[in-house]
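Novice: Each chain, letter by letter, is given below.
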Amino acid sequence: MTRSRTPNILTLFCIFFFLISVSSTHPMPRKKPYNPCKTLVLYFHDVIYNGQNAGNATSAIVGAPQWGNYTILASQFHFGNVVVFDDPITLDNNFHSKPVGRAQGMYMYDTKNTYTAWLGFSFVLNSTDSQGSINFIGADPLMNKTRDISVVGGTGDFFMHRGVATVMTDAFEGEVYFRLRVDIKFYECW
Amino acid sequence: MTRSRTPNILTLFCIFFFLISVSSTHPMPRKKPYNPCKTLVLYFHDVIYNGQNAGNATSAIVGAPQWGNYTILASQFHFGNVVVFDDPITLDNNFHSKPVGRAQGMYMYDTKNTYTAWLGFSFVLNSTDSQGSINFIGADPLMNKTRDISVVGGTGDFFMHRGVATVMTDAFEGEVYFRLRVDIKFYECW
Amino acid sequence: MTRSRTPNILTLFCIFFFLISVSSTHPMPRKKPYNPCKTLVLYFHDVIYNGQNAGNATSAIVGAPQWGNYTILASQFHFGNVVVFDDPITLDNNFHSKPVGRAQGMYMYDTKNTYTAWLGFSFVLNSTDSQGSINFIGADPLMNKTRDISVVGGTGDFFMHRGVATVMTDAFEGEVYFRLRVDIKFYECW
Chain A
622 MTRSRTPNIL TLFCIFFFLI SVSSTHPMPR KKPYNPCKTL VLYFHDVIYN GQNAGNATSA
682 IVGAPQWGNY TILASQFHFG NVVVFDDPIT LDNNFHSKPV GRAQGMYMYD TKNTYTAWLG
742 FSFVLNSTDS QGSINFIGAD PLMNKTRDIS VVGGTGDFFM HRGVATVMTD AFEGEVYFRL
802 RVDIKFYECW
Chain B
622 MTRSRTPNIL TLFCIFFFLI SVSSTHPMPR KKPYNPCKTL VLYFHDVIYN GQNAGNATSA
682 IVGAPQWGNY TILASQFHFG NVVVFDDPIT LDNNFHSKPV GRAQGMYMYD TKNTYTAWLG
742 FSFVLNSTDS QGSINFIGAD PLMNKTRDIS VVGGTGDFFM HRGVATVMTD AFEGEVYFRL
802 RVDIKFYECW
Chain C
622 MTRSRTPNIL TLFCIFFFLI SVSSTHPMPR KKPYNPCKTL VLYFHDVIYN GQNAGNATSA
682 IVGAPQWGNY TILASQFHFG NVVVFDDPIT LDNNFHSKPV GRAQGMYMYD TKNTYTAWLG
742 FSFVLNSTDS QGSINFIGAD PLMNKTRDIS VVGGTGDFFM HRGVATVMTD AFEGEVYFRL
802 RVDIKFYECW
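Residue numbers (this note's numbering), protein chains in the order written: chain A, 622 to 811; chain B, 622 to 811; chain C, 622 to 811.
A portion of the hints provided could be inaccurate.
Since the list gives no way to pick one copy over another, a pair counts as held whenever it fits inside one copy or between any two copies.
Dumping the calculated BS3-like pairs for lysine-lysine here, alpha-carbon to alpha-carbon at most 30 Å [stated by the list, open to error]:
hint, residue 1, residue 2
1, K766, K719
2, K659, K806
3, K806, K719
4, K719, K659
Quick caveat, the hints were computed from the structure, so don't treat them as lab data.
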């Protein structure tokens with residue numbers, strides 16, 4: 622009797638591991654984990670050139686609609702303004718903290734009846750903690766408390782990373798200064 | 622005789638599953654499936670500001686070459702024109718259908734001897750069916766019937782999605798209105 | 622004695638393959654291979670319109686800060702200049718070699734105290750070797766010998782590809798012509 626059991630167990634093994642091997646050789650859209658493999662919280666600070674702050678300005682209006690100009694953000698919720706920036710990145714919300722890198726790229730205000738922008742920029746990090754760049758694009762509906770954009774790639778310490786970044790307006794002063802908090806969650810880390 | 626077979630079968634198992642375990646611990650560039658895990662067909666509608674249609678316009682020229690201006694697309698196939706837009710997205714090709722979201726971002730005409738554009742934009746969807754954003758970039762050779770661009774990321778219902786979108790000019794009227802059909806195929810869905 | 626060994630071996634199998642199956646059903650951020658699955662080395666050539674080279678120019682200034690204009694790159698390291706381009710791509714460093722495609726998109730100078738740019742563009746390849754597009758974004762600190770940007774997607778032969786591209790300034794003449802060498806390494810190939 623005992624003898625005859627052995628083949629049966631082997632048969633079960635066959636079926637069991639056949640199923641495993643099928644599932645791994647025939648790839649399916651696999652449900653990936655939703656826990657970030659790495660996170661970062663950073664702040665960046667934007668001072669728009671207004672014709673009088675050349676020394677401090679970190680950004681400038683470089684595109685405007687027909688009704689705009691290059692030292693004052695346009696009427697109609699700044700619709701059509703394109704701004705190029707090179708903003709300091711800090712670990713806390715203090716403009717005067719030692720920068721850990723630069724946020725470089727552009728945003729463009731793209732709606733006539735509320736404040737929204739489209740962002741395309743990179744974080745270029747250069748500190749003892751992180752060396753490399755993180756590349757972002759996405760829509761930024763400014764009136765929402767939090768806005769999610771995509772981390773579409775990275776280099777250096779962030780080689781091939783992807784993820785989602787949550788952007789929050791941490792402070793603003795008139796139409797010249799604003800500070801954004803960015804919570805970066807990487808879900809592909811390599 | 623029967624007795625001695627058992628070890629042989631076990632040996633075969635060993636070899637078989639050793640191979641499986643090797644292949645899964647030593648990751649190879651695995652051939653992913655080419656069937657989309659999700660698809661969407663959407664239309665968006667662009668009305669360029671021409672100096673006289675402020676009420677209806679959904680986009681505006683915000684960059685132009687030296688020979689251009691901001692109410693008429695430039696000569697030489699509009700080379701150098703940058704347009705910022707906030708266009709309604711609809712489920713069918715009717716401009717007056719209830720929008721399910723907004724297409725926001727920019728396109729720039731980038732060739733002197735034919736119509737081509739470079740696109741960077743987001744679909745911000747806000748309907749009972751879909752909540753979230755989809756981010757696109759890519760080249761758009763307008764004279765081709767279909768053009769493929771990249772879906773480089775997404776948020777909300779489209780968290781971390783990637784794919785390819787096929788863009789088709791569905792209609793245009795002079796140089797003020799055009800409608801694009803976008804067939805989105807996601808190949809990474811999470 | 623021999624008889625009783627068989628169950629023990631089976632028990633070991635159970636434990637061994639149970640561990641394998643656990644590791645494959647509970648996905649972890651898996652360490653992907655760092656060997657590219659495909660590589661390309663290409664050159665592209667940019668001739669900026671300066672008011673006198675309309676015939677040869679492949680790019681044009683389309684955005685400028687308040688202190689700039691559209692035929693001369695601005696002072697302060699060209700900060701704020703936005704350039705749209707349609708540049709020939711060649712297999713070697715010869716401007717007159719037969720192009721294998723076009724580099725189309727834009728760059729914007731984004732720093733006041735050194736040369737840096739932000740890039741958003743596509744390679745549209747159309748040769749016997751390659752048909753399809755490759756989409757790039759990233760920061761370009763021009764004074765570094767090599768700069769890494771992200772390959773965020775592709776179409777055609779480069780369907781869904783991702784990777785990293787290393788950009789090098791191969792030559793430049795005054796402020797009108799430059800040539801970039803781009804070493805593309807794809808790490809996701811599909």
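Novice: Each hint: holds or not?
Specialist: Hints versus structure:
no.	hint	in the structure
1	K766 - K719	both (27 Å within a copy, 26 Å between copies)
2	K659 - K806	both (6 Å within a copy, 24 Å between copies)
3	K806 - K719	within (23 Å within a copy, 34 Å between copies)
4	K719 - K659	within (23 Å within a copy, 40 Å between copies)
The structure agrees with every numbered hint stated previously.
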